[in-house]
Amino acid sequence: MTTLQEVAPRERAGVRREALYFAVRNGKLMTGLGIVLALLLLGMIGPLLVDAAPNQYGPQPMSPPSGEYWLGTTTFGQDIFAQFVHGLRSTFAVGVIGGGIAAVIGMVVGFVAGYLGGIVDEVLNMLTNIILVIPTLAVLLIINAYLGIRSVAVQGLFIGLTQWPWAARAIRAQTFSLRTREFVDLARMSGSGTGRIIAREVAPNMSSYLFMTFILLFGGSVLIASSLDFIGLGPTEGVSLGLMLQNSTQWSALQLGMWWWFVPPGAAITAIVGALYVANVGLDEVFNPKLRET
Amino acid sequence: MMLRLDDVTKEFRIGAFGGKTVAAVRSVSFDVVPGEVVSLIGESGSGKSTIGRMILGLNSVTSGAITFDGRPVRGAKEYYRHVQGIFQDPFSSFNPVFKADRVFAMIKQSYYPAVPEQEWAERVRSALRDVRLNPDQVLGKYPHQLSGGQLQRLLIARALLLDIKLLVADEITSMLDASTRIDVLNLLAELKTRGLGVLYITHDLSLGNYLAERTVVLRKGGVVEMGLTDKVFGDPLHPYTRELLSAVPRLHEEWGDAAAVDTCLYHERGAAEGLLEAEPGHFVACAQLESC
Amino acid sequence: MSLRVSELRVYYRTLKGEVRALDGMSFDLADGEIIGLVGESGCGKSTLGKSLIRMDGRMHHVGGSVELDGKELPIADDRRMNDFRFKEVSLIPQYAMSALNPTRKIRKMVGELLKSRGAALDAAELERRMDQVGLPREVLDRYPIELSGGMKQRMVMVISTLLDPSLLIADEVTSALDVSTQKAVARALLGFRDSGYVKSMIFVTHDLALTHHIADTIMVMYAGKLAEKAPAHVIVKAPRHPYTKLLLDSLPEVGVRYSERRLEGIAGSPPSLLHPPAGCRFRDRCPLAGDECAEEPPAVEIAPAHHVACWKA
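Residue numbers (this note's numbering), protein chains in the order written: chain A, 1 to 294; chain B, 1001 to 1292; chain C, 2001 to 2313.
Accuracy of the hints is not assured; some may be wrong.
[Claimed, not checked] Keeping only pairs whose Cα atoms sit at most 30 Å apart, straight-line, the calculated DSBU-like set for lysine-lysine is: (1) C/Lys2016 to B/Lys1099; (2) C/Lys2115 to C/Lys2071; (3) B/Lys1220 to C/Lys2105; (4) A/Lys28 to C/Lys2016; (5) B/Lys1020 to C/Lys2016; (6) B/Lys1141 to C/Lys2087; (7) B/Lys1108 to B/Lys1192.
[As the list claims (entries may be wrong)] Negatives, chain B to chain A, calculated, CB over 10 Å: (8) Gly1019; (9) Pro1034; (10) Leu1058; (11) Thr1062; (12) Gly1070; (13) Gly1075; (14) Gln1088; (15) Val1103; (16) Arg1125; (17) Asp1130; (18) His1203; (19) Asp1235; (20) Arg1250; (21) Pro1280; (22) His1282.
No lab work stands behind these hints, which were simulated from the structure alone. Ideal Cβ positions, reconstructed from N, Cα and C, are used throughout, including at glycine.
Sequences and hints are given; from them, build the entire structure.
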């Protein structure tokens, strides 16, 4: 065998510690996570700081940002800062619910199809492909329009149910290559069942990959939810960043020069999704030694 | 008779809809008894690893039967208490994200949940000493911190923790260095004094010859010659065995030349008619021994 | 003198520091000579082979020089090495399978390759060389995936020697092959030297027995350094370095049985090249080691063409 092979394993030393080492030194990852965490914090703490209910009408309509109303008010005198922090909350909620559901379904389908193979794989793969080629947004439009969506949770659920296929495909492909590794055979010969092998042998080997999948699904859910909200198919109760955008357009905020109404939600959505993608690129560099800048 | 293969055939489906089949193993029959090493020798594509995996219950059998102590083989938990396997690539045999000694913990969890931790730790240490490893040097380490030879020994120790009767060793030394592989081979040879049967699968004739009491030579999924190692290697009857032997590079001899076997149609005949017992305990798949 | 390597040092950059994979190698290779380079994993043999043609990103040239046919090879300069690759120095990689572009038919690929080197394809010569290694001409109109491992390996051999390089490096070319194919490939290599397609050759392998059938001279490496270098039959019959002796003793030959003669391996494992110990690097595993071994033994010519780096030789 060669020197390279001798050197390579040594380089794998302390994979996790090494990952952490690179993680805290990776500018992209830290910046991305920093932005997301700051906004999350704002969404968690913000609502506690403002007493005004987000949709409560106020006495001072259409006022620009001031000491009293940090981000100004809407045509109806609603406090935009209150709407913004509540909106952040629901946006994160949609991301977690939608991304979480999609990740779970994607993993279950991907792991089972990839590990078992054969007929199970073919059936699951067919299902995945069918959902993959259906125009997701159009289906969501129809479902939303037909059923009506009341809450953020239901919206997240629908997004989650339609977003999993590509995750399932990617995980299936990874599982496919891992299941031929000999430690899987060894686990079988240690009396482990299929479920345990997937959970204890296969999944830990792609933890970084699964983490990235979730991040991408989270960002995707936020984006889809905002699009739905913006075209008027958002939750009828509560407030979200997308709904704020929709209202601002509906009441001609742009034409009236009320920039404080649509800039904050628009910027926040862009920041969350953008930061997540940047963080994802950073994660890629952390886990993939080939991309590391040395 | 501990392990017995009777007319075992394995076909794999290939093609887009599994419409075509290829036979990886054709009508193979042999047995392994306690306290002996049988080597299964073949080049790539000979079906030797498939046979190993079928014995281990990791691949199904298309036709024929594999029996262990008279019962058909299934990949069940109880079966693995007595039959274990070790594979070629030590680094791929260990899950890289966990510590190497996790293979012992898995055995305990499945087979000996009632054994107290203290006693189990002592059993592990004694098994490690049996394979000439210093427990303090190998416990608590990640696979990449150990050498290939150490990892393969860990797997032998793992098998010893069970009530093992048969060990299938598939090319377990082919990724090891020359200076360490012989020690792993010696360990396999020692196993037979414990009454174990060992099926040693290899492409390396000299290693098979060093270790095994009996030898089975495979070609393209079928047995071409089998019998006592002395007979098979000392007096090879089949042209393929002869060619293999002559192709092995030796330190103190020049490369010999044996007639190529491409023109010999023995295989198709042999498979249909079964093996010929050339002398007691020496079987060969050649329809026309003299003219070959 | 075709190739002269003096005091060559090539290290790998890793996270933990520098791995001294090649730590001061010197040897000469004559015209028409085949050197078999033998050693265990991590001894630096592949690093040496690679250093002579292309260093990968993690390798860097620390010291020493390489001279080929009187010209110094700019081994650290990837750009300037391009003028030498293929024409002066050529490599047959271990995994010929991955060296061939899977989307091109072989004939087209050979043509493109030669064009990129500014040479025209001499079809007659190509076919003559294919005949010599026993490859049918139809191979040229097939895709790499349609060839067997041995055929690919031979095809790569023919391609990489088309421009008659002075030095050919064969890196573990036979280790992925079956015994019978291995023999054909090894003989084809010998044929290339005899026909003058390549002047000299370095045959890198871990298989001592196989090297013995091909090489004129065998060079045994241990932990980044030369242990012993001598004519092939001398290494096999009268080795002087304890490492070579123990290595030979651990090889089971056809005819050696466990029940009759129990072979022993070499206890211990090679030292880490990250922080190699001072003195003789084989000292910890050596049964003969004494006090003088704390000092590094120089490679001494103890008999004509027989170099050994051991105080006890």
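Results for each hint:
{"no.": "1", "hint": "C/Lys2016 to B/Lys1099", "result": "21 Å, holds"}
{"no.": "2", "hint": "C/Lys2115 to C/Lys2071", "result": "25 Å, holds"}
{"no.": "3", "hint": "B/Lys1220 to C/Lys2105", "result": "28 Å, holds"}
{"no.": "4", "hint": "A/Lys28 to C/Lys2016", "result": "24 Å, holds"}
{"no.": "5", "hint": "B/Lys1020 to C/Lys2016", "result": "52 Å, violated"}
{"no.": "6", "hint": "B/Lys1141 to C/Lys2087", "result": "47 Å, violated"}
{"no.": "7", "hint": "B/Lys1108 to B/Lys1192", "result": "24 Å, holds"}
{"no.": "8", "hint": "Gly1019", "result": "14 Å, holds"}
{"no.": "9", "hint": "Pro1034", "result": "20 Å, holds"}
{"no.": "10", "hint": "Leu1058", "result": "6 Å, violated"}
{"no.": "11", "hint": "Thr1062", "result": "15 Å, holds"}
{"no.": "12", "hint": "Gly1070", "result": "21 Å, holds"}
{"no.": "13", "hint": "Gly1075", "result": "7 Å, violated"}
{"no.": "14", "hint": "Gln1088", "result": "8 Å, violated"}
{"no.": "15", "hint": "Val1103", "result": "7 Å, violated"}
{"no.": "16", "hint": "Arg1125", "result": "19 Å, holds"}
{"no.": "17", "hint": "Asp1130", "result": "19 Å, holds"}
{"no.": "18", "hint": "His1203", "result": "17 Å, holds"}
{"no.": "19", "hint": "Asp1235", "result": "36 Å, holds"}
{"no.": "20", "hint": "Arg1250", "result": "23 Å, holds"}
{"no.": "21", "hint": "Pro1280", "result": "36 Å, holds"}
{"no.": "22", "hint": "His1282", "result": "34 Å, holds"}
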